[in-house]
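Number of protein chains: 6
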Amino acid sequence: MQLKAKIRPLNPLLYRNIVAEALAEDLGRGGDLTTDSIVPAGLEARGRIFARRTGVAAGIDLAVETFRRLDPEFEVLERVEDGSNLDPGTSLLRFRGRAAPILTAERVALNFLGALCGVATLTRRFVDAIEGSSASILDTRKTTPGLRALEKYAVRCGGGVNHRMGLDDAILIKDNHIIAAGGVGGAMEAVRRNAPHTVKIEIEVDTLEQLKEALDFDPDIILLDNMAPAQLRQAVELINGRAISEASGGISLETAAEIASTGVDFLSVGALTHSAPALDLSLELESL
Amino acid sequence: MQLKAKIRPLNPLLYRNIVAEALAEDLGRGGDLTTDSIVPAGLEARGRIFARRTGVAAGIDLAVETFRRLDPEFEVLERVEDGSNLDPGTSLLRFRGRAAPILTAERVALNFLGALCGVATLTRRFVDAIEGSSASILDTRKTTPGLRALEKYAVRCGGGVNHRMGLDDAILIKDNHIIAAGGVGGAMEAVRRNAPHTVKIEIEVDTLEQLKEALDFDPDIILLDNMAPAQLRQAVELINGRAISEASGGISLETAAEIASTGVDFLSVGALTHSAPALDLSLELESL
Amino acid sequence: MQLKAKIRPLNPLLYRNIVAEALAEDLGRGGDLTTDSIVPAGLEARGRIFARRTGVAAGIDLAVETFRRLDPEFEVLERVEDGSNLDPGTSLLRFRGRAAPILTAERVALNFLGALCGVATLTRRFVDAIEGSSASILDTRKTTPGLRALEKYAVRCGGGVNHRMGLDDAILIKDNHIIAAGGVGGAMEAVRRNAPHTVKIEIEVDTLEQLKEALDFDPDIILLDNMAPAQLRQAVELINGRAISEASGGISLETAAEIASTGVDFLSVGALTHSAPALDLSLELESL
Amino acid sequence: MQLKAKIRPLNPLLYRNIVAEALAEDLGRGGDLTTDSIVPAGLEARGRIFARRTGVAAGIDLAVETFRRLDPEFEVLERVEDGSNLDPGTSLLRFRGRAAPILTAERVALNFLGALCGVATLTRRFVDAIEGSSASILDTRKTTPGLRALEKYAVRCGGGVNHRMGLDDAILIKDNHIIAAGGVGGAMEAVRRNAPHTVKIEIEVDTLEQLKEALDFDPDIILLDNMAPAQLRQAVELINGRAISEASGGISLETAAEIASTGVDFLSVGALTHSAPALDLSLELESL
Amino acid sequence: MQLKAKIRPLNPLLYRNIVAEALAEDLGRGGDLTTDSIVPAGLEARGRIFARRTGVAAGIDLAVETFRRLDPEFEVLERVEDGSNLDPGTSLLRFRGRAAPILTAERVALNFLGALCGVATLTRRFVDAIEGSSASILDTRKTTPGLRALEKYAVRCGGGVNHRMGLDDAILIKDNHIIAAGGVGGAMEAVRRNAPHTVKIEIEVDTLEQLKEALDFDPDIILLDNMAPAQLRQAVELINGRAISEASGGISLETAAEIASTGVDFLSVGALTHSAPALDLSLELESL
Amino acid sequence: MQLKAKIRPLNPLLYRNIVAEALAEDLGRGGDLTTDSIVPAGLEARGRIFARRTGVAAGIDLAVETFRRLDPEFEVLERVEDGSNLDPGTSLLRFRGRAAPILTAERVALNFLGALCGVATLTRRFVDAIEGSSASILDTRKTTPGLRALEKYAVRCGGGVNHRMGLDDAILIKDNHIIAAGGVGGAMEAVRRNAPHTVKIEIEVDTLEQLKEALDFDPDIILLDNMAPAQLRQAVELINGRAISEASGGISLETAAEIASTGVDFLSVGALTHSAPALDLSLELESL
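Residue numbers (my numbering), protein chains in the order written: chain A, 1 to 288; chain B, 1 to 288; chain C, 1 to 288; chain D, 1 to 288; chain E, 1 to 288; chain F, 1 to 288.
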């Protein structure tokens, strides 16, 4: 599969503290009462994490980091690449290490991995739904607080494309900004005057009239919000390559293909990160 | 509705840093380029956050805290209580304040609120599904890294009951612990010897044989994992009030009622926190 | 001695940051002016930490972590196990490493070790004082701010048992809670309704009347506060195995044996963590 | 009493984070299960914190900060000054506020206050023991990890004097430094060459011979370690005002007066901070 | 002057922690020994901060935040706007408050203000140097570690324009990237394939040949590195409005005007943030 | 050159977090979009950092730490010692490692190194300017917020001497303190009464009259502020070795030699840390 080659990596500095804090959240002040009471410190184990459902891998480095925090000697024997398709039973990771820290870290590792594979899996379903079109699937800022960089990486693993990471890396003018500025023109001029030339300017429009008005000010990207397919088609014609176009508003797996067929460049899907069910994964110790 | 009266509150110290970090994640190094470029600092606004779908409120204090971090003068005009039922159009919060910080904080506030209302809503659906039974709905440690205390609070808002908060506030002996200890007896004795008397001891069993073995050691709670309803019924009879019983393993809205009818005390549902879709909410500025 | 085998370990994640902050507190902004001015970077040393008084070892891993933070090559040559008895002159740790970081870390390492051995030593004295009884020695939440997990571990090293780690891992109903709830019954019902079934419920009583009232509500644990031995004996009879019993209130090394002889399960001793004198330890460089 | 007027204050920036972390340590992830389950949010209370034993007040601001973190409306009605003498029954603080946060914060507030009053109380006993001499009582770096600034403040409240705060605000040349430098002269020259002229230079000596050698290099302060009173007297004569003198080594309440009578300027007492028992304090709600 | 109206504000969330840490750095563990020893707590003062040299104001909010951290009652009587021109003697801030915290915070407040006014002042000198041209002055990522958002704000106060805030908000392809990709085409294709469509793509070229090659791939911005004015002029002609142009490489106040006259859109000046001398400011207490 | 031998080292604990935060500041939430999109993960490189101008090396350990945070395998092949003189073209560091993390860390590493070499270089110029005198060059607390320990180390690398690190490691009585205390005598007595005997006492005087008054109270150090050379000479005579003398106030490379010739012990130069231009450095990949 070609997709894997395209995944821009996630810098480990972006998740190390998050992993440490997630472990601290689970360990509390007392640590793993059960494992610490029962499992001998020296006991070794081999095991694997595998999928119980069809899905897409994302975040294996985070799982490994979780185990390594508790046992620097934790050893990876085999792993799939993030972005790989998973069938029920597919191993994501085979490993060897001390049993006690593995059992202590298990839940946190699976919580990360299940959540990120879940995002990647839902993304892949949207990507597949619009296959054959020229459009791409886009995420949003509707992410889980604290996990944005991770979830956006998982979107990439699923074959999606990232929209801006936050409020400071692109301009997105929405309806309230337009009202505050007294109109599209006022808003566009304000951002050209005040924002750096290194960031792109995107504007959200609800109607074709607003679209025409916006086009006069030459935005880089236009977000076509809540338009029906027919209207989207007209919008794409009006834009005519002068700006990148994104469609947003309640796009589902059922409606994605039709929307993609209108010629828009991107379909923006908040659900990728705010409503993806976790992928069902299990950790199994093969020898103990 | 009586449920609201029962919700144990969430101490603000448990979410203040989380809100601050979520805002920092969205503001990045540059802040809100769009709003800062367009919206005059002195502009005032009134507005509300409302539900677009049926659901249950949870986390309104977090939304308020998010706005207040950016504007200490942000004023709440009206709000529902967490745990309230929401219909499409119901306002969760009416407010007044400066427009610029409201627009900057909007997405983070909605991300928290949408996620927590989502958890509460799914919980309520499970609670409703087993209405009439003597069982309660239980969450798990399958929570979003960094948000456990918040998600567990949202479960309470939905009418669910919290299982342990982490590895240190109750004993839960699972299959690998039993293997490591060389049997149920070894594991139970190890925890009695090593763990504080102030924590309860729970043990997971897969079969009625294991259950019988476990009962000999007088655990406080027994987790009946992946048992069919008929088997659960037998297990409940075997336990016969000597321990609290929990059923777990792929419990869905479809199967919950039947499982609850077996007489188990609790149904453990990981999906409450790992797979609840966000509740669809909107922020609307009524005057600007 | 058998005790050592029973000590539940302290997860390194629970002290790494504490060690780092303690070093930062001592280094300030300028570092170790004396050592940095005098001791050549390459100078190697061997040395040991030994006890000047009789006591019990606790926290050797923290001392090692302190040295390793400043010199990852710091090498442990020999060490006793936490929980071991120490005589004047007994080495806790023999080591080899660079002299400069050893001298810089010395005070912080000894501050941790002296404090934790002090807690373990006082605990052991109480444990010894009630030898032959069926009771155990219990710590409290009267710990040094920031060091609770460490001090509770030291209590375990001394042969004591930990009470709850904080406000969230067990219920403890005290007099003011009872007043606020309008009585024992109101308080017990409120916690049963609002608190998770995974935590135990303990209630404090001052009189036999209160005890009888409490027993009607079937608490897991009863704290018998400030009762004289005779009264304690009656209380134990009244409880008659229906709940775990703890005695508290000014228990000293002088009174412990008599209290233990009343049949209570636990003696709760705040002094273990709030008033244990540090064990007198020294670091000696044997070759420089 | 005059002492109070001399107490150099503790900047609130030096304890705010420490208080916040201590509360977090006690609240864990779940908060105060007992109070949150029982005490109505709106219930008001008045109360006080009082001493059960004779002692010296220190750290009342920290107690107030602890309550205010949980309830910004917490109101102080009356308080003593830090440094005041306390008799059994003396109120340190009278207050009014919401009952729930007061009960939640109670233990943490008392832990700080008990520990700091304990340090102040022991310090005052040493100060009283040497009354009439020209010497002062000095603390050391043998402090509780994380609490040094607080404990050193408590020493001041007790009438003691602070030695250096850490490794970077004064030079203290000890035996191992002398060995590493090849002698007293080498060590003194190294620090003069390498350390800032803004810090004082202190050197520890064990014998009169070492003292004579040290005096040739004109140190600011000389630490006379483990010398008997007769030897100390000779040392003071030898120093003859050319340096400040400190005596250290196992100084107890029994031996302090004799040591002070030798003419040394300071008596260094590690026990002030590593072995002071907490002062026994209680919080009492007067109306609920 | 019009410039002031254009300054995009600095969100307080972006500097609050930085101010707190700077105060902590100066207070150390012991606080302000001098002020705490001398200045009575209740003493009030009025004063001002004024410029000793000609310059531009930037960062007054940070100075105010610094004082408020130590005294929430600190009152601003009068202040200039950031971006204002300052003559020797001009007051930036007039204030009233308690003398002790003002003296304690003085140095930190002035360190922030002096540094940021310094950046704004140097920026303004460059802006003035190219007045009359169509070019703007641009900053770089050559900022002081930890202070990027602040220094970039100061650049805006001086009339400059911000380049990207970090590695994640725009693409900038440099020579080593081109080598690693095997050429301009490979690099441009890689970023188009892997980077979000919401970020702009900039490429650095050293020669007109490279420029022509780059233009084939339609970058948003071209950085013309180390080109002489004549070459720059040719480059601008070649670009011919198809991309934004930036000149970089040793641009000084002497050479800026000539470079600006070549028609480039931006002059990139690292010195704005890595080599701006602090503006000489003083704090004066007018009444004490 | 002898200077190098005298440089007191910088403890790595004092900069590790600063390096991590500087990388986080540059990576933002998205990481290095350019490098991550273009440079293959496995690509190896060799390279060097070299000076483009004459200067003095300082902070090479920080640059190495920056690279190692992103690639623990980063290998140093050759390096100069901090404090070494650099000519245009001199390599500070030769290294080998993976190309991607080197390119990602390049700017942060150079920002640290350029700033610290800049401080060391300016310091060395002042040191050279007063060569032959008995005076030394001194830094101040006019440092960049967050970087004080680093900048003071760079001053040492340049041959300068550090003044106090912060408000808590020496007393410095300034004019406002004198006013608040009602005179020199009141201020000196207050600090003797309230501040530890382990810190030195410095007082700032503006006139010879003030100097005489101050000398009566036997301060350790006297800061002669804004005195002309003739006046300084008289001051030095008056002091006559009874205190260390420092001159401050607008000392420049032009005036330093004359001031040094007055016999003062130290020249205090704020510009060393608040106005040193960065040293111009480059990173060059020699093989890729």
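A couple of the hints might just be wrong.
[Unchecked claim] Stretch by stretch, here's where chain A covers chain B in the computed footprint (C-beta under 8 angstroms, at least three residues):
| # | stretch |
| --- | --- |
| 1 | 164–177 |
| 2 | 189–202 |
[Said to hold, decoys possible] Computed list of chain B residues with no C-beta within reach of chain A, every gap over 12 angstroms:
| # | residue |
| --- | --- |
| 3 | 9 |
| 4 | 54 |
| 5 | 91 |
| 6 | 133 |
| 7 | 136 |
| 8 | 144 |
| 9 | 241 |
| 10 | 275 |
| 11 | 284 |
[Unchecked claim] Derived DEER-like restraints, expressed as beta-carbon distance ranges:
| # | chain 1 | residue 1 | chain 2 | residue 2 | range |
| --- | --- | --- | --- | --- | --- |
| 12 | B | 96 | A | 193 | 26 to 34 angstroms |
| 13 | C | 42 | E | 226 | 40 to 48 angstroms |
| 14 | A | 189 | E | 218 | 22 to 30 angstroms |
| 15 | F | 241 | D | 189 | 31 to 39 angstroms |
| 16 | A | 40 | F | 44 | 40 to 48 angstroms |
| 17 | B | 258 | A | 250 | 44 to 52 angstroms |
| 18 | E | 12 | B | 96 | 17 to 25 angstroms |
| 19 | A | 252 | B | 250 | 51 to 59 angstroms |
| 20 | E | 255 | A | 17 | 20 to 28 angstroms |
| 21 | B | 54 | F | 44 | 57 to 65 angstroms |
Honestly, the hints are just simulated from the structure, not real lab data. Yeah, the Cβ is synthetic: ideal placement off N, Cα and C, and Gly gets one too.
Taking the hints in turn, this is what the structure says about them:
| no. | hint | in the structure |
| --- | --- | --- |
| 1 | 164–177 | holds (count 12) |
| 2 | 189–202 | holds (count 7) |
| 3 | 9 | holds (20 angstroms) |
| 4 | 54 | holds (15 angstroms) |
| 5 | 91 | holds (17 angstroms) |
| 6 | 133 | holds (25 angstroms) |
| 7 | 136 | holds (22 angstroms) |
| 8 | 144 | violated (6 angstroms) |
| 9 | 241 | holds (25 angstroms) |
| 10 | 275 | violated (4 angstroms) |
| 11 | 284 | violated (9 angstroms) |
| 12 | B:96 / A:193: 26 to 34 angstroms | holds (29 angstroms) |
| 13 | C:42 / E:226: 40 to 48 angstroms | holds (44 angstroms) |
| 14 | A:189 / E:218: 22 to 30 angstroms | holds (26 angstroms) |
| 15 | F:241 / D:189: 31 to 39 angstroms | violated (20 angstroms) |
| 16 | A:40 / F:44: 40 to 48 angstroms | holds (42 angstroms) |
| 17 | B:258 / A:250: 44 to 52 angstroms | violated (34 angstroms) |
| 18 | E:12 / B:96: 17 to 25 angstroms | holds (20 angstroms) |
| 19 | A:252 / B:250: 51 to 59 angstroms | violated (25 angstroms) |
| 20 | E:255 / A:17: 20 to 28 angstroms | violated (44 angstroms) |
| 21 | B:54 / F:44: 57 to 65 angstroms | holds (58 angstroms) |
In this structure, the hints that do not hold are numbers 8, 10, 11, 15, 17, 19, 20, in rising order.
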